[in-house]
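Q: Spelled out, the chains give:
6 protein chains.
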Amino acid sequence: MFLTILFTFALLFSSSHALQQDFCVADLSLSDTPSGYPCKKPSTVTVDDFVFSGLGVAGNTSNLIKAAVNLAFVAQFPGFNGLGLSMGRLDLAVDGVIPLHTHPEGSEVILVIEGTIRAGFISASTNVVYFKTLNKGDIMVFPQGLLHFQINSGKIPALAFVSLSSANPGIQVTGSALFANDLPTEVVAKVTFLDIAEVKKLKGILGGTN
Amino acid sequence: MFLTILFTFALLFSSSHALQQDFCVADLSLSDTPSGYPCKKPSTVTVDDFVFSGLGVAGNTSNLIKAAVNLAFVAQFPGFNGLGLSMGRLDLAVDGVIPLHTHPEGSEVILVIEGTIRAGFISASTNVVYFKTLNKGDIMVFPQGLLHFQINSGKIPALAFVSLSSANPGIQVTGSALFANDLPTEVVAKVTFLDIAEVKKLKGILGGTN
Amino acid sequence: MFLTILFTFALLFSSSHALQQDFCVADLSLSDTPSGYPCKKPSTVTVDDFVFSGLGVAGNTSNLIKAAVNLAFVAQFPGFNGLGLSMGRLDLAVDGVIPLHTHPEGSEVILVIEGTIRAGFISASTNVVYFKTLNKGDIMVFPQGLLHFQINSGKIPALAFVSLSSANPGIQVTGSALFANDLPTEVVAKVTFLDIAEVKKLKGILGGTN
Amino acid sequence: MFLTILFTFALLFSSSHALQQDFCVADLSLSDTPSGYPCKKPSTVTVDDFVFSGLGVAGNTSNLIKAAVNLAFVAQFPGFNGLGLSMGRLDLAVDGVIPLHTHPEGSEVILVIEGTIRAGFISASTNVVYFKTLNKGDIMVFPQGLLHFQINSGKIPALAFVSLSSANPGIQVTGSALFANDLPTEVVAKVTFLDIAEVKKLKGILGGTN
Amino acid sequence: MFLTILFTFALLFSSSHALQQDFCVADLSLSDTPSGYPCKKPSTVTVDDFVFSGLGVAGNTSNLIKAAVNLAFVAQFPGFNGLGLSMGRLDLAVDGVIPLHTHPEGSEVILVIEGTIRAGFISASTNVVYFKTLNKGDIMVFPQGLLHFQINSGKIPALAFVSLSSANPGIQVTGSALFANDLPTEVVAKVTFLDIAEVKKLKGILGGTN
Amino acid sequence: MFLTILFTFALLFSSSHALQQDFCVADLSLSDTPSGYPCKKPSTVTVDDFVFSGLGVAGNTSNLIKAAVNLAFVAQFPGFNGLGLSMGRLDLAVDGVIPLHTHPEGSEVILVIEGTIRAGFISASTNVVYFKTLNKGDIMVFPQGLLHFQINSGKIPALAFVSLSSANPGIQVTGSALFANDLPTEVVAKVTFLDIAEVKKLKGILGGTN
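Residue numbers (the UniProt record's numbering), protein chains in the order written: chain A, 1 to 210; chain B, 1 to 210; chain C, 1 to 210; chain D, 1 to 210; chain E, 1 to 210; chain F, 1 to 210.
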């Protein structure tokens with residue numbers, strides 16, 4: 001019954017690339033563009049391009065922040081390319097913290113699966129802090145580009161998943177941006193009003209120079 | 001130190017609404033627009049506008065699909081307004097199914113928390129089915145507007161959370177669209193090639209008329 | 001008079017690709033991107049890249065749906081690339097039907113040129129059907145991603161043209177998506193509530209397997 | 001079967017405006033926004049909000065340009081609001097012309113239904129003219145914001161329909177912009193290099209002053 | 001000549017709001033939306049809605065940062081609404097500094113008019129610093145959401161103007177976000193790794209509490 | 001302290017292209033796309049990709065318009081790619097003029113640095129002229145795609161800088177579009193209502209043919 005109409009479509013689409021527009025799995029071997037990566041040839045796409053298991057594994061929290069972040073951005077999961085979505089997994093040991101950071105290119109929502117997390121973000125125009133303790137099953141949004149953080153405020157390890165509104169939202173960790181590069185100490189002090197000694201100390205810890 | 005610059009900002013922003021642009025919590029009492037709802041006055045916004053607990057509660061699966069869907073779209077969680085994100089919770093009892101549906105306005109990613117789920121979507125241009133069994137911790141994407149479904153394929157109840165790339169992505173359940181309204185039986189049959197008897201039977205079950 | 005300013009521009013634009021931004025005719029030999037195809041070199045573009053005659057030819061309606069669809073999407077007409085537009089021609093013999101389908105990536109407007117067409121779409125959130133008989137010169141919109149259909153309800157052949165809000169809006173024909181692939185019969189039945197026998201029958205007709 | 005899931009949706013959507021997001025018929029009584037007009041209450045929307053018959057009527061070409069333009073932009077057809085589409089009807093008597101103009105907010109495609117039309121647009125960066133005679137059934141695209149025109153080049157009246165990539169693309173007719181307002185004659189001459197006498201003559205014809 | 005076509009337009013546009021779409025001057029008395037403010041009635045718009053003189057006045061740099069920022073965002077200049085642009089004026093006395101900050105909603109370009117400015121931004125993914133001394137006439141871009149700063153590195157006062165890619169890009173000054181609100185000292189320390197004493201000192205200077 | 005989290009990121013990002021998303025400096029050697037040029041490899045990007053000095057040089061105004069335009073669009077300054085911004089410098093000698101033109105792809109804001117400039121734009125729907133004399137420090141916006149112009153109305157040379165809301169907004173100079181190409185004289189006359197003699201004269205001056 002549909003054979004003819006299907007044939008018509010097939011004919012019209014023959015030697016076309018229209019299939020790619022149902023989805024656009026990233027071909028990471030090609031140059032990125034402002035809208036995302038060029039698409040992998042649809043004939044080579046399989047269901048495994050749309051499924052990712054990397055978030056099923058707990059991160060190693062044996063570190064000084066007692067936390068780990070596992071990402072499923074377009075670089076890790078090319079199936080997100082062009083779809084305006086990405087994800088991440090947060091493992092926080094007791095006293096674990098996800099340090100202050102922003103996502104320059106996307107908004108975030110966090111879902112608490114286990115434990116208790118104190119999370120907050122800071123308004124840009126008023127510096128008001130929106131800060132609350134989240135329990136299992138709670139979700140909280142962090143608007144695009146605003147500083148935010150998460151802290152395990154409970155007595156057991158916490159597990160949470162985050163979803164973001166871009167396939168590649170970026171992460172700028174304030175501490176790393178200030179203290180893990182070669183930005184001269186006096187410049188860091190001047191633009192942040194921190195003491196020189198404090199800046200030097202943190203550069204030492206984070207491997208910054210100058 | 002910052003007092004002066006802060007004062008300068010305050011002065012410039014006085015009697016302005018610029019604060020609203022950090023975020024735009026929906027005022028559902030006003031008319032929606034193509035870009036989302038008008039913003040609630042920022043002075044009335046609290047942290048509770050950014051936190052939602054409705055997904056922490058299991059849905060009632062004592063029904064014929066043995067499944068329940070809990071939504072956190074802008075209508076349920078106004079904090080999502082303008083941020084390009086929404087969420088949902090899927091509870092699937094043993095043999096439960098989320099029937100065939102699309103999200104006209106957004107792409108989706110599913111995260112399996114408990115159990116085993118067979119999920120799939122269908123390509124528009126080729127009708128190819130991308131279909132796989134997902135285990136705990138797996139994520140899978142469903143590109144915008146494409147038909148997809150989820151089935152509990154395990155021996156225990158399944159729990160999953162979905163995130164979508166719009167604050168109000170919509171849900172069109174194919175069965176409800178065909179059999180739960182007053183679209184005349186002969187029209188349904190003509191545009192779907194189903195038998196009249198089959199259409200009448202499903203209209204009876206779903207409360208459709210004509 | 002303008003010679004100097006023109007020269008200035010020429011100088012500044014020398015060895016630049018800025019010309020491409022007036023338009024971006026698709027180079028279908030390159031990989032698609034989330035925003036569309038890379039642009040053909042402007043020096044090779046002629047007026048024929050902006051003109052398409054394929055919709056001037058009636059489609060063959062000697063088939064079981066008594067209808068034909070001719071597309072002018074980016075794959076057929078590369079001049080649409082990046083412009084947010086595409087078109088199609090619908091020929092419906094007496095009793096012809098364009099089966100239930102969606103366009104995942106675009107909204108549609110239909111213009112009736114000859115005959116009488118019953119057209120409708122179904123709301124996602126309420127399942128309300130918006131359904132009307134269109135006469136010559138009438139236009140009707142079908143919002144993005146919503147199920148819709150067209151039926152020749154007159155006594156003469158009908159001709160209509162559709163315009164869509166994307167260069168590659170896609171077409172998902174519900175019947176083909178369900179019955180023209182290898183999605184297992186029991187899965188189709190489970191996600192649609194159709195009888196196994198009905199599914200098998202339609203798979204037979206449409207060439208589906210499993 | 002679906003009753004429960006439907007009930008669940010209904011419950012969640014109660015007292016929500018989520019229905020509006022399937023579509024957003026313009027409420028022209030409210031202030032426009034950068035994304036379009038606020039939406040009419042969905043409960044008051046009927047199929048007639050999605051159907052427009054104004055393009056079925058031929059325009060009166062008994063005028064000096066021997067042509068008429070009928071618009072179906074959001075102001076005439078509120079159903080287009082938010083959908084990224086609009087339309088227009090062009091009637092050109094023998095020797096009729098649609099004068100040089102641009103659409104600041106959208107691209108256009110023209111479809112010739114009757115007669116023969118010479119149409120063209122001018123590239124911005126190179127001033128190259130893309131100019132061709134179109135016959136019945138031909139379509140031609142005019143990229144956003146570029147100067148274009150249409151002339152009846154046949155021996156019979158011509159009829160064409162245009163579709164545009166915005167619900168409100170705007171129309172700037174160059175001649176009207178220069179000669180139908182109070183922009184001082186010497187300014188018009190200075191910015192166009194036309195003779196004062198020519199400017200005065202055309203202001204007289206078009207009702208311009210100063 | 002154009003009278004008829006003009007009349008036709010007038011007729012079609014009568015009692016419409018289509019004029020508003022040429023521009024959308026913000027009506028700050030109405031609620032903002034995700035796409036910007038609703039538009040002022042076009043009949044009340046004058047040329048003064050499109051002109052702003054507030055950047056012509058030097059800011060007062062007699063403060064501890066020896067700098068001043070004057071904004072022309074939508075709140076100060078409603079004519080920018082919906083146009084994807086805003087501006088600001090930077091006055092930096094000798095040794096003046098614009099502290100570390102981000103614009104969550106837009107990219108920035110700076111133009112140096114007088115003096116010498118050391119400006120830089122920090123990459124999110126690699127923490128690489130892009131840092132250079134700018135002279136009169138130089139421009140430099142700061143991509144959306146990335147931390148950046150400007151310092152007067154010359155022996156005379158510096159003047160610069162910035163343009164941003166949003167009518168309301170926002171400004172988040174890192175120091176103010178951390179030290180000018182009631183975010184508890186131990187939380188600030190925990191998410192930034194600063195010493196408690198340092199946090200208390202800066203809170204004292206900036207008026208923060210807790 | 002951050003070393004571990006940094007290491008985690010590094011690990012996840014290894015062999016990824018995620019760095020490119022902080023910015024996307026144009027690789028002009030590759031084909032443009034509807035969203036802009038593909039990105040230069042981030043490892044080859046230096047601060048000089050984000051700084052441009054070409055606007056620091058006065059243009060040569062010894063020409064018939066007594067004005068010069070220097071552009072910093074993506075073709076001249078690849079650092080703007082994907083950021084939604086571009087700039088230009090206008091030098092106007094006494095009596096200099098920037099002729100009537102549009103930017104098909106972007107809105108513009110002008111900032112007067114020296115002298116006095118009469119600037120204006122013309123509304124599309126109403127042909128109303130928004131026209132004013134700008135002094136040093138004034139800014140004025142020109143909405144996307146609308147005809148506008150600038151004239152030195154003072155007794156000294158004028159200098160201004162413009163910013164636009166696209167990396168490649170385009171420039172269509174009305175006079176050049178009409179009189180600097182091979183569009184037949186009778187066609188130009190027919191679509192503009194100018195006299196044949198006037199068209200021929202201007203074609204002669206601007207180098208047009210036919």
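If you are wondering where the hints come from, they were derived from the structure by calculation, not from laboratory data.
A quick note: this is a predicted structure, and the numbers were derived from the prediction, not measured.
The beta-carbon is built from N, C-alpha and C at its ideal position, and this holds for glycine as well.
Incorrect hints may have been included.
One side only, chain A facing chain E, incomplete, derived with CB under 8 Å [said to hold, decoys possible]:
(1) I113
(2) E114
(3) T116
Derived coverage of chain A by chain B (criterion: at least 3 residues anywhere in the stretch with Cβ under 8 Å from a Cβ of chain B; other residues may be distant) [what the hints assert, rightly or not]:
(4) 72-84
(5) 193-202
Pairwise CB distance ranges, derived in the manner of DEER restraints [to be verified]:
(6) A:S43 to E:G54: 54 to 62 Å
(7) C:A58 to B:D95: 31 to 39 Å
(8) E:V57 to F:P184: 15 to 23 Å
(9) F:K155 to E:G204: 52 to 60 Å
(10) B:T209 to C:A58: 36 to 44 Å
(11) E:S53 to D:E186: 47 to 55 Å
(12) D:V47 to E:S53: 50 to 58 Å
(13) C:L64 to B:D95: 31 to 39 Å
(14) A:E186 to F:S53: 34 to 42 Å
(15) A:S43 to C:E114: 20 to 28 Å
(16) C:K155 to A:S43: 17 to 25 Å
(17) A:V94 to B:T209: 38 to 46 Å
(18) B:K41 to A:K132: 14 to 22 Å
Q: Hint by hint, say whether it matches the structure.
A: Going down the list of hints, with the structure as the test:
no. : hint                         : in the structure
1   : I113                         : violated, 22 Å
2   : E114                         : violated, 21 Å
3   : T116                         : violated, 15 Å
4   : 72-84                        : holds (count 6)
5   : 193-202                      : violated (count 1)
6   : A:S43 to E:G54: 54 to 62 Å   : holds, 58 Å
7   : C:A58 to B:D95: 31 to 39 Å   : violated, 50 Å
8   : E:V57 to F:P184: 15 to 23 Å  : violated, 53 Å
9   : F:K155 to E:G204: 52 to 60 Å : holds, 55 Å
10  : B:T209 to C:A58: 36 to 44 Å  : holds, 38 Å
11  : E:S53 to D:E186: 47 to 55 Å  : violated, 26 Å
12  : D:V47 to E:S53: 50 to 58 Å   : holds, 52 Å
13  : C:L64 to B:D95: 31 to 39 Å   : holds, 36 Å
14  : A:E186 to F:S53: 34 to 42 Å  : violated, 26 Å
15  : A:S43 to C:E114: 20 to 28 Å  : violated, 39 Å
16  : C:K155 to A:S43: 17 to 25 Å  : violated, 45 Å
17  : A:V94 to B:T209: 38 to 46 Å  : violated, 59 Å
18  : B:K41 to A:K132: 14 to 22 Å  : holds, 20 Å
Checked against the numbered hints above, the structure breaks hints 1, 2, 3, 5, 7, 8, 11, 14, 15, 16 and 17 and satisfies the rest.
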